[in-house]
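Q: This is what each chain is made of:
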Amino acid sequence: MAVDVSIASDAVVVQDSEPVVATVDDEVVMLSARAGAYFGLNGVGTEIWNMLREPRRLSDLCRELSQRYEADIDTLTRDVTLFLQALIERGLVRVVPPGDPSARS
Amino acid sequence: MQFFYDVHGLVLASEVPLPELELRQREATGEPDIRLAMGPLPVGPRRTTDLPYVHAQNGQAVLKIPGAGRYLISGGRDLLIEPEADADPSYVRLFILGSALGLLCQQRGLLPLHASAIELAGQAIAFVGDQGQGKSTLAAHCLAYAPARLLADDTLVVSFDPGGRPLAQPGLPSVKLWRDALSALGRSTDGLRPDWLRADKFHLPVADRLARAAAPLTRVYVLHEDADAGQGRIESMAGAVAAAALIAHTYRVEYLDATEQRRDHFVASTRLAGRVSVCRLKRRRDLTGLPATVAAIVTDLR
Numbered sequence: 001m002a003v004d005v006s007i008a009s010d011a012v013v014v015q016d017s018e019p020v021v022a023t024v025d026d027e028v029v030m031l032s033a034r035a036g037a038y039f040g041l042n043g044v045g046t047e048i049w050n051m052l053r054e055p056r057r058l059s060d061l062c063r064e065l066s067q068r069y070e071a072d073i074d075t076l077t078r079d080v081t082l083f084l085q086a087l088i089e090r091g092l093v094r095v096v097p098p099g100d101p102s103a104r105s
Numbered sequence: 106m107q108f109f110y111d112v113h114g115l116v117l118a119s120e121v122p123l124p125e126l127e128l129r130q131r132e133a134t135g136e137p138d139i140r141l142a143m144g145p146l147p148v149g150p151r152r153t154t155d156l157p158y159v160h161a162q163n164g165q166a167v168l169k170i171p172g173a174g175r176y177l178i179s180g181g182r183d184l185l186i187e188p189e190a191d192a193d194p195s196y197v198r199l200f201i202l203g204s205a206l207g208l209l210c211q212q213r214g215l216l217p218l219h220a221s222a223i224e225l226a227g228q229a230i231a232f233v234g235d236q237g238q239g240k241s242t243l244a245a246h247c248l249a250y251a252p253a254r255l256l257a258d259d260t261l262v263v264s265f266d267p268g269g270r271p272l273a274q275p276g277l278p279s280v281k282l283w284r285d286a287l288s289a290l291g292r293s294t295d296g297l298r299p300d301w302l303r304a305d306k307f308h309l310p311v312a313d314r315l316a317r318a319a320a321p322l323t324r325v326y327v328l329h330e331d332a333d334a335g336q337g338r339i340e341s342m343a344g345a346v347a348a349a350a351l352i353a354h355t356y357r358v359e360y361l362d363a364t365e366q367r368r369d370h371f372v373a374s375t376r377l378a379g380r381v382s383v384c385r386l387k388r389r390r391d392l393t394g395l396p397a398t399v400a401a402i403v404t405d406l407r
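Sequence order for the protein chains is A and B. Numbering follows my numbering, with no gaps: position 27 of the first sequence is 27. Here my numbering runs 105 ahead of the position in the second sequence, where the first position is 1.
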């Protein structure tokens, strides 16, 4: 079953609370009982994950990262979107529905 | 009559003698950590798990081993064994000291690794790796070629002291070796006890080279066969890769759901990954080169 996980740039995303999260040598490692799997993030992945402790608009997240890394915003937005889609598919990150009070960030 | 033993840092009181372990020199005061009894199993947990031979529910698990019997493991404390009528007692004990004790340690929230371990200069060094990578053989060669003592073979139980420091607990007092590994050490198989599951594997008793107290675990080597690596190329592992290696090389990792320890085990193994140095030890598979591998390890530890 294909799940549509495309995310709009004005979508607000946040860490899902289901996985158990640990940090080993500055890298995030997760156990998701729901997914029945372990996950590990690399350095940049860990940085993005940590930025999603609070709900954040995708466009704001990408703007901040492109400033930090002096990277082209379009390329970076495409890469970060793909990464977040992978996390959403696995239930590690969720999109906050527009009506949700926490979406007003 | 009760027989008292020390194993994995726990005091075990048994109704039956367990000759694979060393008797405790004096009786334990207070309650033993583990009580082992023989007898018919009560109606136990019925919920089947993903594993056809494990039933588990509410802190209890039953292992069913054809040819040996049924093993009820409760609350990280009680072992009740109902052997099959014609089962060989040493075959029954094989699963007491292996799978059942491993499952009990998981129930207690300890971290059992599928590892062999030695103590060298006050530090514990563990060897993990897939079946056949030579964990036991390398540990035995460390005893032969370095001033090392044996901590554990096959199952290494790790606990944490109050300061969060990982401790390697002493396990069973012998090393299981293949016949060719024994001859590389200059030992014959005469008088050694054969290992039940693998007819050509033998228990080498090492009573004179046993570490009898826990030691801080500082290094875990993940053994990896590599024809181009010579006798020992050591590469550091970190982060998620190190944590994944410790999770994958957990003893009886397949029991974690049956023991409802998946989550606590994840916390313990990631904590361990942050506290020890995990390294890949690549080496060419070659028994005659093992002294050089031991030398590479000793150098690496300096």
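Treat the hints with care, as some may be off.
[Stated by the list, open to error] Computed footprint of chain A on chain B; a stretch qualifies when at least three of its residues, placed anywhere within it, have a C-beta under 8 angstroms from a C-beta of chain A:
#1 204-217
#2 342-348
[As the list claims (entries may be wrong)] Quick list of simulated restraints, FRET-style, between CB atoms:
#3 B:338 to A:82: 19 to 27 angstroms
#4 A:83 to B:189: 38 to 46 angstroms
#5 A:18 to B:353: 48 to 56 angstroms
#6 B:268 to A:83: 31 to 39 angstroms
#7 B:313 to A:82: 36 to 44 angstroms
#8 B:380 to A:68: 25 to 33 angstroms
#9 A:69 to B:272: 23 to 31 angstroms
#10 B:380 to A:7: 31 to 39 angstroms
#11 A:86 to B:338: 50 to 58 angstroms
#12 A:68 to B:180: 30 to 38 angstroms
#13 A:35 to B:169: 39 to 47 angstroms
#14 B:333 to A:82: 52 to 60 angstroms
[Stated by the list, open to error] Just a sample of chain B residues kept apart from chain A, beta carbon distances all over 12 angstroms, derived:
#15 124
#16 135
#17 147
#18 183
#19 268
#20 270
#21 323
#22 330
#23 336
#24 353
#25 376
#26 378
#27 379
#28 401
Honestly, the hints are just simulated from the structure, not real lab data. Being a predicted model, the structure only gives us computed values, none of them experimental. Cβ coordinates follow ideal geometry from the N, Cα and C atoms, glycine included.
Q: Out of the numbered hints, which ones does the structure contradict?
A: Hint check: 1, 3, 4, 5, 7, 9, 11, 12, 13, 14, 24, 25, 26 and 27 fail, others pass.
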